[in-house]
Amino acid sequence: MDIKLATLEHFDGIRALLRKNHVDTIDPELKKDGFVTTNLTDEQLTALIVEEKGVTIAEENGEVLAFALAAGWDYWSAWPFFQYMIQHLEEYQLEGTTLTVENSYQYGPVCVDHSVRGTGVFEKVFNFSLATMKDRYPYMVTFVNQINPRSYNAHSNKAKMSTSGTFSFNNNNYYLMACTTKR
Numbered sequence: 087m088d089i090k091l092a093t094l095e096h097f098d099g100i101r102a103l104l105r106k107n108h109v110d111t112i113d114p115e116l117k118k119d120g121f122v123t124t125n126l127t128d129e130q131l132t133a134l135i136v137e138e139k140g141v142t143i144a145e146e147n148g149e150v151l152a153f154a155l156a157a158g159w160d161y162w163s164a165w166p167f168f169q170y171m172i173q174h175l176e177e178y179q180l181e182g183t184t185l186t187v188e189n190s191y192q193y194g195p196v197c198v199d200h201s202v203r204g205t206g207v208f209e210k211v212f213n214f215s216l217a218t219m220k221d222r223y224p225y226m227v228t229f230v231n232q233i234n235p236r237s238y239n240a241h242s243n244k245a246k247m248s249t250s251g252t253f254s255f256n257n258n259n260y261y262l263m264a265c266t267t268k269r
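Residue 247 in the working numbering sits at position 161 of the sequence shown; the count goes up by one each step and never skips.
Wrong hints could be hidden among the right ones.
What the hints assert, rightly or not - Using C-beta positions, here's what the derived DEER-type ranges look like: (1) Asn189 with Leu94: 28 to 34 angstroms; (2) Asp221 with Phe255: 17 to 23 angstroms; (3) His174 with Asp88: 33 to 39 angstroms; (4) His174 with Gly148: 37 to 43 angstroms; (5) Arg101 with Glu181: 33 to 39 angstroms.
Read the hints as simulated data drawn from the structure, not as lab findings. For every residue, glycine included, the Cβ atom is placed at its ideal position computed from N, Cα and C.
With these hints in hand, go ahead and build the complete structure from the sequences.
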């Protein structure tokens, strides 16, 4: 399995994996195993791949089996959810340092195909993504919906992220998680 930055040739595979695992389209039986909540237009995904260089993928035999998205807060500022996070980011700390739009970036969503879950793909994609951003930012921030325990366990146990706090947005409760990029 190859872990690498995505190019536009991976666009359709990323889009298919996102659609398959999105909270709005996932098979209800599989929802308990994790889901993705972020929607991206084709233009937003293209910009994330080309301009931000912020999509890490796991690919095998031409199939995208996992992805992790990452970008600075400017990129994410078009979404109301991320606007809320940006407004409240400085309320959170990691290791005594206040998190800001200047010293951190937003990671996620991350998505791993059901067929390769539990095989170490999540850790490989997470660590590769983290390494691609370490020269730009000292801290990485993400959120996890509190009704998604699989994602919370993966980020706290496998990715060794810390929970910096919790917040609510549109009647959903989230963990705000962070880690240093210098590992």
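Here is how each hint holds up against the structure:
1. Here the CB-CB span from Asn189 to Leu94 is close to 30 angstroms, well matched to the stated 28 to 34 angstroms.
2. Take Asp221 and Phe255: their Cβ atoms lie about 31 angstroms apart, and the range 17 to 23 angstroms is violated.
3. At about 37 angstroms, the beta-carbon gap between His174 and Asp88 stays in the expected band of 33 to 39 angstroms.
4. Distance hint check for His174 and Gly148: the Cβ-Cβ separation is about 41 angstroms, which falls inside the suggested range of 37 to 43 angstroms.
5. Taken as a hint, the range 33 to 39 angstroms holds for the pair Arg101 and Glu181, whose Cβ atoms sit roughly 37 angstroms apart.
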